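Protein sequences appear in the order of chains H, S, W and V. Following the numbering used here, the numbering of the first sequence begins with 1 at its first residue and continues without gaps. Following the numbering used here, the numbering of the second sequence begins with 1001 at its first residue and continues without gaps. Following the numbering used here, the numbering of the third sequence begins with 2001 at its first residue and continues without gaps. Following the numbering used here, the numbering of the fourth sequence begins with 3001 at its first residue and continues without gaps.
Read the hints as simulated data drawn from the structure, not as lab findings. A few of these clues could be false.
Stated by the list, open to error - Under the rule of at most 25 angstroms between Cα atoms (straight-line distance), these lysine-lysine pairs were calculated in the DSS-like manner: (1) Lys27/H <-> Lys1234/S; (2) Lys1273/S <-> Lys97/H; (3) Lys59/H <-> Lys84/H; (4) Lys1052/S <-> Lys97/H; (5) Lys117/H <-> Lys1300/S; (6) Lys1234/S <-> Lys3144/V; (7) Lys3144/V <-> Lys1052/S; (8) Lys32/H <-> Lys2052/W; (9) Lys3144/V <-> Lys1328/S; (10) Lys135/H <-> Lys84/H; (11) Lys117/H <-> Lys27/H; (12) Lys1234/S <-> Lys1277/S; (13) Lys3087/V <-> Lys1052/S; (14) Lys2052/W <-> Lys27/H; (15) Lys1294/S <-> Lys1328/S; (16) Lys3144/V <-> Lys1300/S; (17) Lys1294/S <-> Lys97/H; (18) Lys3087/V <-> Lys1328/S.
Stated by the list, open to error - To give an idea of the interface, some chain H residues facing chain W are shown, with a C-beta separation under 8 angstroms as derived from the structure: (19) Met1; (20) Ile11; (21) Ile18; (22) Gly21; (23) Leu22; (24) Cys28; (25) Leu29; (26) Thr35; (27) Pro43; (28) Thr54; (29) Asn85; (30) His89.
Values in this document were obtained by computation on a predicted structure and should not be read as measured data. Positions of the beta carbon are idealized from the N, C-alpha and C atoms, including for glycine.
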Amino acid sequence: MRAVANYFRDIVAAIYTITLGLGVTMKCLFSKPVTLQYPDERPEVPDGYRGIHTYEIEKCIACNLCVQICPITCITLAYEGKGKNAVIHQYDIDYTKCLFCHLCCEVCPTDCVHMGKEFDLASYTRAECVIPFAKAAAVQKQE
Amino acid sequence: MQDFLQTEEILVNMGPQHPSTHGVLRLVIRTDGEMVRETYTHIGYLHRCAEKIGENLTYKQFVPYTDRLDYLASINNNLGFCLAVENLAQIEVPERAAYLRVMGAEMNRIASHLVSYGTLGMEAGAFTPFFYGFREREQLVAIIEKMCGARLTYHYARLGGVMRDITPEIARDTREFVRTMEQRWEEYNTLLSFNEIFIKRTANVGIIPRDMAIGYGLTGPCLRGSGVEWDLRKDDPYSLYERFAFTVPYGDGRMGTVGDSWDRYWVRMVEIKESLKIITQVLDGLPEGPIMGKVPRVLKLPVGEAYMRVENPRGELGFYLVSDGGTKPYRLRIRGPSFCNLSIMNALGRECLVADVVMILGSIDVVLGEVDR
Amino acid sequence: MQSYIDALIQNIGILQQVPPLIIYTAAILLGCAVVFGYISVVAMIMIYAERKVAGHMQSRYGPMRVGPHGILQSVADSIKLLLKEDTVPDKAHRFLFKLAPLLVFAGAFVPFAVLPFSEHLVISRMNIGIFYILSLAAIEVIGVIMAGWASGSKWSLYGGMRLAAQMVSYEIPMALAVLTVVAFSGHLGLHEITHAQGKWPWEWFASPLKSPFTAVGFVVFYIAGLASTKRLPFDLPEAESELVAGFHTEYSGMRFAYFFIGEYTAMYVVCAATAVLFLGGWNGPFPGVVNMLGKTFFLLFVMIWLRWTLPRLRIDQVIFVCLKVLLPISLICVIGAALQAVLF
Amino acid sequence: MDAKEIYTRLVSQFGSERILAFRDDAAGDPFVLIRPESVRGVMQFLRSEQSLDFDFLSLITGVDYPDQLTVVYHLFSYSQTHKLVVKVELPRASPRVDTVESIWPTANWQERETFDLLGVEFVGHSNLRRILLPEDWDGHPLRKDYQQPDEYHGVSNW
């Protein structure tokens, strides 16, 4: 007898719950979508986002701390001299390796390396994923 | 005639590339028609030897790596590792930092359970729950993004505290999220949890009795789904969890037998709600103060060893840390909850249907990044 | 249709010089071309509608790139499918592998010979119309099993076997549900069945006011139709999370497109047949074609709606629903309908 | 019960030649050191004894020290809510210890992992094969003297 009751209970429950479920999707059909049309509409990036770095070469004192703290050694730093007089030849970050962990920015005593709001870095070769910050700064200076 | 009518068992490779293996898991199933006679699990496709990496990095440097173990719940992982190190180094964590860690961990737990909700729905054939789960997760991720600047690998809990303090804007957003999530939760249940077809697919499928669950070392929702009332947040509190009021859900066999897939699923759903409660309490009672404790610049741990376990969304995440007094761990062992949970798969995937294997795997809810480490 | 051609021959003098056989053949080919064009267009529209509806039901937009709001997406897709490399797996049985999509497509294509669009817009007023549809729809099963076996892939084989089990069992309640209607109309022809229904909804067979038995029969027929077109919650033959893509796992390019169009055409046929049998066909407040297409597309929308709401059943539950739920119910309905038709 | 009490209980059951030592001097968790030969007996006792009832094997792992290889068992009891760390010291050259798979099924995979990464042989294990690394991998990566191979099947590791 219980089996028979369960049988009819199941049928009724199936119809009832399916109807409720249909109501949920129907409600959503008429609400506004939440997705963005990505390349056209770009997401709003909050302050303090951990994206691709920005580097202020004039502040850098070549203390090498960011290179040491980096868990995967993706930062290459080449310089002459010391402290404020240091001449920085090379400050490359390899974004094929970078963990975006923010440790390099936290350890910097002069606050010269930050993480910016850029987040899309796609390229055809691995070499293009290495960003030479020092060179870029030099080019900017010339202009 | 007898020879002609003979049937054969088929050996099928489910994965490493298969829509429902949650990453790169390979299940070899021996089937007789639709019946699965035996399941054999192959793992290791995502092995990075995180433990060896840990031996070669300083404690501070290894924290971002813990993000990548269970990538759906990285704050929980950070928390576990930081607690293990702080335990051994006797670092004092300020109260505000501990509160913020709890908040981050609970947010991450919700985000992780939302993914689990969506993927289990998808494995049952319903696509829409997946998108609903991700819709709310997106809101949550946007908040965490404001907290720490990243969207997946948060690296929020640091040795001695947390990365950043929260702003009033984040607090407002979080309260807003808690409100919407409570409404959506009801919607989720209407759409999937109490759908008769879904109940029929999950109830009485993949039953794990209490003893079997403990014996196989299951933890987290899988253990609680089998009716064991055990939650490290409640029973072995860490990071000031004892100050928050919440209940621990456990499987009661409401739709079938205790320990079936529906129970495990339902534990996760109720945990979402409990986590919302904890988040509200954190926001209400957030003490003032610093967010970073005193951590020496070069951190050296005393000789000794510690095993610290925390309640990850998937279960007991343990960090066994052996220190020889240096700046790097001598040995670091990570007990991934997914690893132990998955080990029951060989025992469960017997004498069931092909569709059940998929549901069982979904209800165990593994993250392969943590299984393979 | 033949009467039109005869009238045409009589009125245009030059046609009388041509042998009738050639004219008839030409007319048949022309008809096929028209129907084929219609099917392709309908399939494209439905694929677009499905993706759009699915998108909005899931809080997203669906296709948005090709054309305004992505309306040309289906065109782009079909061009892509046409240009794609046509691969045949090494282990496949080449002949059967190539034949299967055509069979599936043919099974979905032939019912258009009798499906009316309105009172007069119909290719053939066959007097066994609905029987013809039901029997020819079974060709599709053979095609799918063939595809599953010939692919030489285990997943495909599973898909094929699942479909065989499913389709064979669901044809029984489907046919019984048709009988409830036939009990009232007393005829298997689609025109006669439509004429047995009136202009307004309460005069249709789907209305409990007309007969409670045909109203239940309507639900049974529609559910069985869902199963026979492999739509959720009965999409086991191509269950993505279990069988990768089921019987068409190994197909690509144009052959896959045949399966795809075939599937959507079969959906159209089931919905059109439901509209004719239970929803009064072309009867209604608007001109005939509008009524018919409106009802068909409404039923199609419900199919899409169900698909993006429900989880999938398991194979044993599929068979349970058929043999233990739908079959007894439809049997009761047949007896009830027969009694009602005789007594009242 | 705390670890010290459990230790005295174990010593009274097995004697001090099998239960070698109890250490709680270093920072962190105290542990009990037992003889490798008696692992199965001691574990069986810890599992089945009512007042101990260690039903949950949290973790099996190994630590590669310069002079010996230590296998560590982290046990926990849900009913008694106490925990215990048990250690076994094995020679580095041929580390062999009995399996506890029959006592806790979870040991199956954890022992396999320890075998895979540290090369500890668990005698009596039903399926002692590599679990994370490929079957044909050379060496055990978590050993301190492990040399990373330059390539694997022609794929460079660098």
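Status of each hint after checking the structure:
1. Taking the CA atoms of Lys27/H and Lys1234/S, the gap is near 39 angstroms; set against the 25 angstroms cutoff, the hint is violated.
2. Using a Cα cut-off of 25 angstroms, the hinted pair Lys1273/S and Lys97/H is violated, with the two alpha carbons roughly 38 angstroms apart.
3. Straight-line distance between C-alpha atoms of Lys59/H and Lys84/H comes to about 8 angstroms, which keeps the hinted pair within the 25 angstroms bound.
4. This hinted pair checks out: Lys1052/S and Lys97/H have alpha carbons roughly 18 angstroms apart, not beyond 25 angstroms.
5. Only pairs whose Cα atoms come within 25 angstroms are accepted, and Lys117/H paired with Lys1300/S is rejected, the gap being roughly 35 angstroms.
6. For the given pair, Lys1234/S sits about 38 angstroms from Lys3144/V by alpha-carbon distance, which is inconsistent with the 25 angstroms threshold.
7. Of the supplied pair hints, the one linking Lys3144/V and Lys1052/S holds, its CA atoms being roughly 9 angstroms apart against a limit of 25 angstroms.
8. The hinted pair formed by Lys32/H and Lys2052/W meets the criterion: a straight-line CA distance of about 13 angstroms does not exceed 25 angstroms.
9. The suggested pairing of Lys3144/V with Lys1328/S holds, with an alpha-carbon distance near 14 angstroms, which does not exceed 25 angstroms.
10. Restraint check for Lys135/H and Lys84/H: the C-alpha separation of about 19 angstroms stays at or below 25 angstroms, so the hint holds.
11. For a cut-off of 25 angstroms, the pair hint linking Lys117/H to Lys27/H is broken: about 36 angstroms separates their Cα positions.
12. Distance hint between Lys1234/S and Lys1277/S is fulfilled; the C-alpha atoms sit about 14 angstroms from each other, no more than 25 angstroms.
13. Taking the CA atoms of Lys3087/V and Lys1052/S, the gap is near 21 angstroms; set against the 25 angstroms cutoff, the hint holds.
14. About 15 angstroms separates the Cα atoms of Lys2052/W and Lys27/H, which keeps this hinted pair within 25 angstroms; it holds.
15. Proximity of Lys1294/S to Lys1328/S is assessed by CA-CA distance (about 19 angstroms); at most 25 angstroms being required, the pair is judged to hold.
16. Between Lys3144/V and Lys1300/S, the direct Cα distance comes to roughly 20 angstroms. Compliance with the 25 angstroms bound is thereby established for this hinted pair.
17. Among the hinted pairs, Lys1294/S with Lys97/H is inconsistent with the structure: their alpha-carbon atoms are about 30 angstroms apart, more than 25 angstroms.
18. Restraint check: the Cα-Cα separation between Lys3087/V and Lys1328/S comes to about 22 angstroms, which is no more than 25 angstroms; the hinted pair holds.
19. Taken as an interface hint, Met1/H does not check out: its beta carbon lies about 17 angstroms from the nearest beta carbon of chain W, beyond 8 angstroms.
20. This hint holds: Ile11/H has a C-beta 6 angstroms from the nearest C-beta of chain W, less than the 8 angstroms allowed.
21. Because the beta carbon of Ile18/H sits about 6 angstroms from the nearest beta carbon in chain W, less than 8 angstroms, this interface hint is met.
22. Of the supplied interface hints, the one on Gly21/H holds, with its beta-carbon coming within about 5 angstroms of a beta-carbon of chain W, less than 8 angstroms.
23. Because the beta carbon of Leu22/H sits about 5 angstroms from the nearest beta carbon in chain W, less than 8 angstroms, this interface hint is met.
24. Proximity of Cys28/H to chain W holds as hinted, the smallest CB-CB distance being about 5 angstroms (cut-off 8 angstroms).
25. A hinted interface residue such as Leu29/H counts as satisfied when its beta carbon comes closer than 8 angstroms to some beta carbon of chain W; here the least separation is about 5 angstroms, so the hint holds.
26. A cut of 8 angstroms between beta carbons decides the hint on Thr35/H: the least distance to chain W is about 4 angstroms, and the hint holds.
27. Because the closest C-beta pair between Pro43/H and chain W is about 15 angstroms apart, greater than 8 angstroms, the hint is violated.
28. Proximity of Thr54/H to chain W is violated relative to the hint, the smallest CB-CB distance being about 33 angstroms (cut-off 8 angstroms).
29. Because the beta carbon of Asn85/H sits about 54 angstroms from the nearest beta carbon in chain W, more than 8 angstroms, this interface hint is broken.
30. Checking His89/H against chain W by beta carbon gives a least distance of about 45 angstroms; that is not within 8 angstroms, so the hint is violated.
Of the numbered hints given earlier, the model fails hints 1, 2, 5, 6, 11, 17, 19, 27, 28, 29, 30; all others are met.
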